[in-house]
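In order, the protein sequence lines correspond to chains A and B. With this note's numbering, you'll find the first sequence wraps up at 147, consecutive numbering, no jumps. With this note's numbering, you'll find the second sequence wraps up at 147, consecutive numbering, no jumps.
Copies of the same chain are indistinguishable here, so a pair counts whether it falls within one copy or spans any two.
List time: in silico DMTMM-like cross-link candidates among lysine to aspartate or glutamate, alpha-carbon distance up to 20 Å:
| hint | residue 1 | residue 2 |
| --- | --- | --- |
| 1 | 140 | 128 |
| 2 | 140 | 129 |
| 3 | 8 | 59 |
| 4 | 68 | 92 |
| 5 | 8 | 116 |
| 6 | 8 | 121 |
| 7 | 8 | 54 |
| 8 | 8 | 128 |
| 9 | 8 | 123 |
| 10 | 8 | 110 |
| 11 | 140 | 121 |
| 12 | 140 | 11 |
| 13 | 143 | 128 |
| 14 | 113 | 11 |
| 15 | 68 | 80 |
Since the hints were made in silico from the structure, they are not lab data. This one's a predicted model, so the numbers in the text were calculated from it and none came from an experiment.
2 protein chains.
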Amino acid sequence: MNSKNHFKLPDFLPYLLNQAAETSSLAFQKVYKDRYGMLRTEWRVLFHLGLYGEMTAVEIGRQARMHKTKISRAVHKLAERRFITRSKDMNDRRIEHLALTDRGKDAYRDLSKVAESYNAELEALLSDDEVNHLRGALEKLAKQARG
Amino acid sequence: MNSKNHFKLPDFLPYLLNQAAETSSLAFQKVYKDRYGMLRTEWRVLFHLGLYGEMTAVEIGRQARMHKTKISRAVHKLAERRFITRSKDMNDRRIEHLALTDRGKDAYRDLSKVAESYNAELEALLSDDEVNHLRGALEKLAKQARG
DNA sequence: TTGTAATAGTTACTTTTGTAACCAACAAGA
DNA sequence: TCTTGTTGGTTACAAAAGTAACTATTACAA
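Start from the sequences and build out the full structure, keeping to the hints where you can.
See the structure below:
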């Protein structure tokens, strides 16, 4: 049964990717959780709004590839805590435009600074070559199942 | 607020890693879910036992970096469905040795074949250089928070 | 011994997530 | 107009994961 000429778990890219993703997410998760009581989905929504400005829930979902129920819940909490505002579109009343409040902008700026320096720490673990290849590879892998 | 000289979300390694990990896990998840009704934790436990032979829950946890409650639940389900056996250690009665049943071995062989060919598909998306750098980088990133 | 701490594993309770069904608004053709 | 389909978004229910407290066993030192 043992590993004689066998495919090993550490060879399996999805496994490796998961390990790296989980580990590298933890440290940052602690920051947005402790400082702002946010969940991963919530900080992602926040980040999208901070980066791209006003968006609708569907647009965020497409960008971030998150299911609309996740976003719906994140939006609800973020609005409740006054990090974002929601305003109905006048032409299409199904649509809501989401935007950061001042409080939301502060949180965004704070968190993106942390993210940036944490990112630098992570990159410091790798050579320049590795970082570049890694980026390219991750993008291809992430796109792969899009359609 | 917009992206003038700002850190962007697609630059953030944890984000990219998560996207790639999630996307690349989905296709394979469908296989172990549909064919064997397994959860991610369960197939990981199965895979460890198939690869390394008899192990205890704690050993699997250390290897796979999963919390013991997750493993406890996975072990319970796997045993219930006759994929694995659990036997008490005679010297230390706290410990249980886990091992695959024949049924478990069959499932393991089947799934590892699928994993291997899926992995090949993923690697085909990348250049050889990218694959090698990717592996190295992922290992470093995954280890980074170990201590 | 006895007392204290560590280890293996489970359980109970809470928080998150996934899934599907749902409502309301719009679109577009018969 | 009706009606069928699509889209944006929410909700209800079930499944899964996180956290902490718990039992049982062993280790080890006073």
